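The numbering of the sequence shown is the UniProt record's numbering, which starts it at 1 and goes up by one.
To be clear, the hints were calculated from the coordinates, so they are not data collected in a lab.
Among the hints, a few may not be true.
Unchecked claim - Here are the simulated DSS-like pairs of lysine-lysine, each with C-alpha atoms no more than 25 Å apart in a straight line:
| hint | residue 1 | residue 2 |
| --- | --- | --- |
| 1 | K296 | K173 |
| 2 | K67 | K127 |
| 3 | K391 | K345 |
| 4 | K345 | K397 |
| 5 | K345 | K492 |
| 6 | K321 | K190 |
| 7 | K296 | K341 |
| 8 | K119 | K321 |
| 9 | K67 | K397 |
| 10 | K45 | K90 |
Predicted model only: the values in this text are computed from it and were never measured.
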Amino acid sequence: MYIKFKMWDPRLDMHTILRYLHIISIVYICSRRGLPIDRARHKEKGQPLCMEQYYKLFTSYRIPGVKKDSLISNHTNLMPEPEHIIVICKNQFFVLDVINNFTRLSEGDLYTQLGRIYKMAEENAAKAEPIGILTAAYRDQWSIARAKLMEDSTNRDSLDAIERCIFVLCLDKGIPLLFNHQNSIDETNKNIRDDVSLAFQMLHGMGTNLNGANRWYDKTMQFVISEDGACGLNYEHSPSEGIAVVQLIEHLLRYMEEVRAKRLVRMNSVCELASPRKLQWKVFPEIVDSFNVASKRLDCKIEDLDLYILRFVEFGKEFPKSMSMSPDSFIQLSLQLTFYKIHRKLVSTYESASTRRFRLGRVDNIRANSPAALEWVKAMIGEVLVSDMEKMVLLRKAMQKQTEIMTENILGQGTDCHLLGLREMAVELGRPVPDLFLDDGFRIANHFSLSTSQVPTTMDAFMCYGPVVPDGYGVCYNPHPHNILVCITSFKSHSETRSDYFAYTLESSFLQMQELCLKTSEAARPLKTVQEIQNSTDNRNGSVSRLHNGDCHGSPSRSPRHLARSKRVGSSSNEVKTQN
1 MYIKFKMWDP RLDMHTILRY LHIISIVYIC SRRGLPIDRA RHKEKGQPLC
51 MEQYYKLFTS YRIPGVKKDS LISNHTNLMP EPEHIIVICK NQFFVLDVIN
101 NFTRLSEGDL YTQLGRIYKM AEENAAKAEP IGILTAAYRD QWSIARAKLM
151 EDSTNRDSLD AIERCIFVLC LDKGIPLLFN HQNSIDETNK NIRDDVSLAF
201 QMLHGMGTNL NGANRWYDKT MQFVISEDGA CGLNYEHSPS EGIAVVQLIE
251 HLLRYMEEVR AKRLVRMNSV CELASPRKLQ WKVFPEIVDS FNVASKRLDC
301 KIEDLDLYIL RFVEFGKEFP KSMSMSPDSF IQLSLQLTFY KIHRKLVSTY
351 ESASTRRFRL GRVDNIRANS PAALEWVKAM IGEVLVSDME KMVLLRKAMQ
401 KQTEIMTENI LGQGTDCHLL GLREMAVELG RPVPDLFLDD GFRIANHFSL
451 STSQVPTTMD AFMCYGPVVP DGYGVCYNPH PHNILVCITS FKSHSETRSD
501 YFAYTLESSF LQMQELCLKT SEAARPLKTV QEIQNSTDNR NGSVSRLHNG
551 DCHGSPSRSP RHLARSKRVG SSSNEVKTQN
């Protein structure tokens, strides 16, 4: 998963960017469990929300296993809290101690140490083994390779340093413009990297020839800074949800602005700092073979991933609000309409619903593909002939059902997590799995061809992820007041999915829904009397007009005939956009 945040001018050199790396301060607050408690803002407002997801971001690590992986946490009273981060530069790993003599390093000290790391990495770049690529291998293969590495004490020490670190910082090579999306003509002509190129870099490093091995995908938080100024992060999903990550990053960015405005500076260390330590590896022949296998797999997966980022600017979340509609329900139903337009069916849809009202709560599933949604989309595409007013009634009915399912989920009354718990209880107790979980209907219900999530941000940032099934889409959307940003992924290897086509169809669905809302709201207004029309016209013109024998006097541009003609032209324009 990836978040891009535009905070620095990309023309700045990398070392200048590193001066503003204040992540350590946020980690310090998290380690002291000092974050203010979040509160529910919808449905039984004010309820406290569990904060564990925030605190796990910098203390968790995913260990590969042959049958299943394990999630471990460094938060224990038996071991001292980690005081170092891992910096990866040119496929080499360095230990950077961020606390010296019980004191956090200053910005100047961090800048000095990162400069030393960059210089050391440049000197040994040609000899570096792509050890990080192993974390991109199939999990069972990586587990076997890790066990082989652990046979040597030097490797054990290096792995231990990585697994216990606070987070990973990846210093990447710059990315050429040739990786821009083929439709990003304007950005390419202006010598600017587009959203797709930036997202791909954070998601997978753009392949083994660039930054694919400059990662350690098992670590929860990997901050990425590129030589060309691109900044973001890659995070491992097991410990926390995307909302927690985004809110933490936005808190970080606001803190950075505050520090910069107040010019708060921590004093540099009085004594000379020891140089960062480079991690050493003993690479066996079997590990070299694993490098090759993992590299081919990563490059193949990268080639197969189809990403398109839609910046819809005709309206944002304020429009559905003006129609007394939930923006999230509006977007979810637009996704149902889009999928039906392309595939002529609805499918199991996953939308995450936070259950943080409960201790250690994560998410349950809002299933937007309801019978009410199906009835509405059939009316929208003309399979069922109904009037616009009837379409609006069906839309509000589908939205009401969507809201009911959402409310049940966030209050702990959803079905998916309960069923999952029952199935896992049977497995853990050694009992036969109930027939329900072996039924084709249950399998189909959990084949999420449409995996969606709303991850809102207040800044120019977005998150994206891949589909969860071979024939599916991953859709992460971010509604702003006056625009909507949607990241859409699919796999090129499946002949019936294409991300850009889904995006274009989604855009037409947005416009079609807007047109329906405007038409029905206009039709629902009571008819004005002649006197009301006259008064309205007078107020707009700032003059007194008379209505005599049915003729309008005053400004001809405000005549009812002209207003009607303007309205028809506007409607025609919307219809053209909808067809496109």
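Hint by hint, here is what the structure shows:
{"no.": "1", "hint": "K296 - K173", "in the structure": "20 Å, holds"}
{"no.": "2", "hint": "K67 - K127", "in the structure": "34 Å, violated"}
{"no.": "3", "hint": "K391 - K345", "in the structure": "18 Å, holds"}
{"no.": "4", "hint": "K345 - K397", "in the structure": "19 Å, holds"}
{"no.": "5", "hint": "K345 - K492", "in the structure": "21 Å, holds"}
{"no.": "6", "hint": "K321 - K190", "in the structure": "36 Å, violated"}
{"no.": "7", "hint": "K296 - K341", "in the structure": "36 Å, violated"}
{"no.": "8", "hint": "K119 - K321", "in the structure": "53 Å, violated"}
{"no.": "9", "hint": "K67 - K397", "in the structure": "45 Å, violated"}
{"no.": "10", "hint": "K45 - K90", "in the structure": "48 Å, violated"}
Hint check: violations occur at hints 2, 6, 7, 8, 9, 10; the rest are consistent with the structure.
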